[in-house]
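Visitor: Both chains come to you apart, so use the hints to assemble them.
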Amino acid sequence: MKAAVAPHLSATRPADNSRRYRNLLLGLLAGALLFPFFWTQYALTIGTEVLVAALFAIGLNILIGTTGLVSLGSSMFVGLGGYGVGVTAALMGLPLTVGVPLTLLVVAAVAGVSGFLCIRAKGVGFLLVTLALSQMAYGIATKTKSTGGSDGMTGIPRPDFGWLGLSIDDPRVFYAYALFVTLAVMLLVWRITTSPFGSVLVGIRENERRMAALGYNVDAYKIGAFTVSSVIAAISGIIQAQYTYFVNPESMSWQASGEGVLMVIIGGAGHLLGPLAGSGIYVLVKQALSGITEEYLLVFGIFFVLVVTFLRGGVLGVLSKTWEARK
Amino acid sequence: MQSLPLHVLNGIQLGCLLFILAVGLTVVFGLMDTLNLSHGAFYTIGAYMGYLTAHATGSFLLALVVGFVVPFVLGFITQRYLLYPLTLRGRSTHLDLALLTFGILFAVAGTVEMLFGSSFYSLAVPSYLSGTVDLFGVAYPVYRLFVIAFGSVLAFGLVWGLERTVLGSVIRGAVEHREMVAALGIDVRLLFAIVFGAGAGLAGIGGVIAAPILSVYSHMGMTVVVSTLVVVVVGGLGNVRGSLVGALIVGLADTLAQAYYSEAELFVSYALLFLVMVFRPQGLFGVTGRAI
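Chains as they are written, first to last, in this note's numbering: chain A, 3 to 329; chain B, 1387 to 1678.
The set of hints was computed from the structure by calculation and includes no laboratory data.
Certain hints may be false.
[Stated by the list, open to error] Covered by chain B, according to a simulated footprint, are these stretches of chain A (three or more residues, beta-carbon under 8 Å):
no., stretch
1, 117-127
2, 133-139
3, 299-306
All C-beta atoms, glycine included, are put in the ideal place defined by N, C-alpha and C.
If we strip away everything but chain B, and leave its shape as in the complex, we get (with noise of 0.2 Å):
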C-alpha cells in the first residue's frame, strides 16, 4: 500500500475542490431554500472564462478573478430577475426552483458546447505552483496542495466570516427567520441575490481550480453537480462546517474507490447521498434537524 498517501492526499484534495463548490450551494439552499441545480452551470461558465483570460493574458491569477467575477454577476442577475420573481408568484417554489435550474444546468452546458465545440480544453499549471514536493514519500504535485490549502483558507475564512463578522451574522439570521430581517431594515431581496452571486462566483472559482487537474469541457458541470449535491446533503443542507467534512468525506470515497475498486466508483457517492437521504435527512452533522 505504498501508494495510500498519494490516494489519500488526492482525496483530501478533491475535496478541497468539493467544498469550494459545495459551500455556495449549501448556503443558498439554507438562505433561500432553493435547491440550485445551476450551480454546476457557474463551474463550468467560471472555467472556460479562466480558461480564455489565461489564455489570453497568461495570468492565472487573472484566471481567478474573471473565473469568480462573471459567474458572480450572472449569478446575481439569475437570481434577482429570474428566481426571486418566481418565488414571489408563491407557486410550490422550491420544486419549481429546481426545475428551473435544472433546466439552466442543461442550457448553459448546451450553450458552451455550441460555442466552443465539445472537446476537452486544458489549462497549463503556472510555472510558480508547478513542479512536485516529497510529502510521505510521495513525489506530491505542489498544484494540487495549492488546491487543497485555498480549500482550507476559503474554508476557515467563510467559517469565520460566517460567525464572526456582522455580514456573516445578517445572512444566518436570514437563514433562521427571513422576515425578521427584513423588518429589521435590511433589503433581504440584495442580501439573496449577493449570496446567490458569490456562491456562483466561488463555483466558478472552483471550475478556474479544477481546470489543470481536470479538463475543461462542455459537459463538467453536470459531472460535478451531483457530486456537490451529496457533500450539501451529507453535510447537511445549510451547514457550512458540515459541508467541509462531507467534502472530505465525499473526496476520499470517491478517490479511495477509483483507486481500490473502480467497478465501485461510479457507485460510492451516489450510495452515501441515498443513505443519508433515506436514513438522516437532516444530514450526518444536522443540528437543526431542519425539515426539507
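For reference, chain A alone in the conformation it holds in the complex (with noise of 0.2 Å):
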C-alpha cells in the first residue's frame, strides 16, 4: 500500500532539526511543567484532557505515521485500557498495582491477536477490518451486564499518592501524574522509532515489498507495531477512566477512532511531537467552538474534510517545510 504521508517526513527525521526540534521540546516541556502553578483550573483541566488524547495519538502515530497503517478501530484499545482498570478494581478488588499491568498484558495478547488477523488486509481493508473488529468490542461492551452495559462503569479508582503527601484528588496533581505518564510514554516511542525496529517500521510503510525482499519478516513487524500502538492506547483509556472515575462503551465507538485519526493527521503523521500538538489543537478548537456552537458533529466532520483536504503533512510537516526553507 501506499504511504498515508509524504515521504519525505520520516519519523526518524530530526537529524538536520534536531536542535529546533530539542529546543521547541524543552520550550514545550517547560510551559507544561509550569503550567499546573499559573494557570486556573478550567485550564488544568483542559490541560489533562490534551495529554489523554496525546497518549491516545501517540499510540496511534505508530501505527499511522511511522508504519502507514490507517486504523479505524483503535479507540477499541483505549475502551479495553478504561474497562480492564474497572473490572480488575471494581469487580475483582484488585489494587491498582495489580490491575493496571494486568490489563496491559491482556491488552497486548488481545492486540497481538487482533494484529495477527487485521494485517492480513491491506489499506482500505485494514481500516475496514480494524473498524469490523472495535465495532465488535463495542457490540460486546453494549451488551455485557457485569459492566454496566451500555450505561458503563463508575467507581474507577485513582492511584494514591498519599506517601508523596498529594491527593490525587487534587486537578493540579492528576495533571501532574498524566503529564508524567505522556512524557515518560513519549521518551518511550521515541526510542522505539529511533530502534532499529522504528527504521524497519518506516521501511514498511515506504516499501513493504522492499523490506520484504530485504529479509524482514514484515508481518511480524506490523503486528509489533500493532501492539504496541495497542498498549499505548489502552494507558490513555486507564488514565482517561481515572480522570472521569468513569467508562462506557462510548469510548469504543468509531467517532472516537477517527478522533484519533484525526488528532495524528493534524499534528502532522510521522512526527513524534506531531500528536501532542494535534489533540493541541483539536482540543482547543473543541472547547472553543463549544462556547459558540452545540453542534460538536458539524465541527468535527468540517474539521476533518479540512485537514484531509488543505493540511495533510500536518502542523508539523508544514513547520519542518518552513524551518528547512529557511536553511
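Guide: Below, the structure is given as C-alpha cells:
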C-alpha cells in the first residue's frame, strides 16, 4: 500500500532540525511543567484532556505515521484500558498495582492476536477490518451486564499518592500524573522509533515489498507496531477512566477512533511531537467552539474534511518545511 | 417457531433496503477505488428531503423523486469538484478519500442536527401501501412487501442495465481499465460523477423508503453505513450480484439475531465483516480477486 504520509516526512527525521526540535521540546516541557502553577482550574482540566488525547494519538501515530497503517478501530483499546481498570479494581477488588499491569498484559495479548488477523488486509481493507473489530468490541461492551452495559461502569479508582503527601483529587496532582505518564510514553516511543525496529517500520511504510525482499518478516513487525500502539492507547484509556472515574462503551465508538486519526493528521503523521500538537489543537478548537455552537459533530466533520484536504502533512509538516526553507 | 416466517420476511425486507444502499457503494468502489463513507450522509439527506416533500405535498411518490434528485446533485458535485480534484493531486488517494468522506458523513449528520434537532421524525405509509396481507400464516404489512418488490426490481434492473446496455458496458469497462475507456473518447470524469451521483441518489431513495419503517433522525446515516459496508465487503467490492446476496445474508442475520438472540444483535454483522475481510478479502463471491 501507499504510505499515508508524504515520503519526505520520516519518523526518524529530526537529524537536520534536531536543535530546533530540542528547543521546541524543551520549551513545551517547561510550559507543561509550569502550567499548574499559573493557570486556572479550567485550564488544568483542558490540559489534562489534552494529555489523555495526546497519549492515544501518540500510540496511533506509531501505526499511522511510522508504519503507514491507517486504523479506524483503535479506540477499542482505549476502551479496553478503561474497562480493564474498572473490572480489575471495581469487580475483582485488585489494587491498581496489580490491575494496571494485568490490564496492559491482556491488552497486549488481545492486540497481538487481533493484529495478526487485521494485518492480513491491506490499505482500505485494514481500515475496514479494524473498524469491524472495534465495533464488535463495542457491541460486546454494550451487551455485557456485569460492566453496566451501555451505561458503563463508575468507581474507577485513581492512583494513591498519599505516600508523597499529595492528594490525587487535586486537579494539579492529577495533571502532573498525566504529564508524567505522557512524558514517559513519549520517551519510550522516541526510543522505539529511533531504534532498528522503528527503522524497519518506516521501511514498511515506504516500501513494504522491498522490506520483505530484504528478508524482514514484515508481518511480525506490523503486529509489533499494532501491539505497541494498542498498549499505549490502553494507557490513555486507563488515565481517561481515572480522570472521569468512569468508562462506557462510547469510548470504543468509531467516532472516537476517527478523532484519534484526526489528531494524528492535524499534528503531522510521523512526527514525534505531531500527536501532541494535534491533540492540543483539536481539544482547544473543540473547547473554543463549544462556547459558540452545540454542533460538535458538524465541527468535527468539517474539521476532518479541511484537514484532509488542505493540511495533509499536519502542523509539524508545515513547520519542518518552513524550517528547511529558511536554512 | 410460529413467528419464523415473519422474521424471515423482515430479514429479506431489510436485505432489500441494504441492497439499495450497497449497490451505489459497491459500484463507486469498483469504479473509482473510493471507499465512500459519506454514503450514509446521502441516505440521511434523502430521508429528510423525502420527509419534507411528503409533508409539504402529501405525495410519497414525489418524496421518492426528490429523495433521489437532491442526493444525486450533491453527490455529483462532491465527486466532480471535491473528490476528483484530490485524486488528481496524486495523494495516497484511497485512504485520503476514505478519511475525507468520513468527515463528510459527520459534517452532514451535524448539519442535519443543527437544522432539525436530534428528535425522531416519522413518515406515514401512503394509504395505497398501508394495511396487511396474509402471507405464510402471518399478517404482513403491504409496505414491507413494497420494499421487497422495489429492491428486487432495482436489483434486476441494475444487473440488466450493467450487463446488457451500452452505458453498463462502459461502466464495467471503466471498472476494469479506466485508461482504455478514456482512450475510447469517453469523458471518464463525467462518467464518474454521474455514477457517484446515481449511487448517492439510490442511497437517498433508500432513506425515503426506510423512513416509514425506521424513523428519520440525524444519526441514521452513521448507523446504516457500517451495515452497508458489511454488505459490500461480503459481496465483494465492485460486485453488484454479490452485494445482492450479501445484503440478504446481512439482512437475515441481523433480523434473526435480533429476534432470537438479542445479545448478539450488534455483533453479528461486524463479525461477518471481520471474518470475510480477514479470510476472504475478495468477498464471498469475488471472482476477479480484486486486491484492495
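Visitor: Next, verify each hint and record whether it holds.
Guide: So, going through the hints one by one against the coordinates:
1. 117-127: Since three or more residues must qualify, the claim that chain B covers the stretch 117-127 of chain A holds, with 8 doing so at under 8 Å.
2. 133-139: holds (count 5)
3. 299-306: As far as the stretch 299-306 of chain A goes, the hint holds, because 8 residues have Cβ atoms under 8 Å from chain B.
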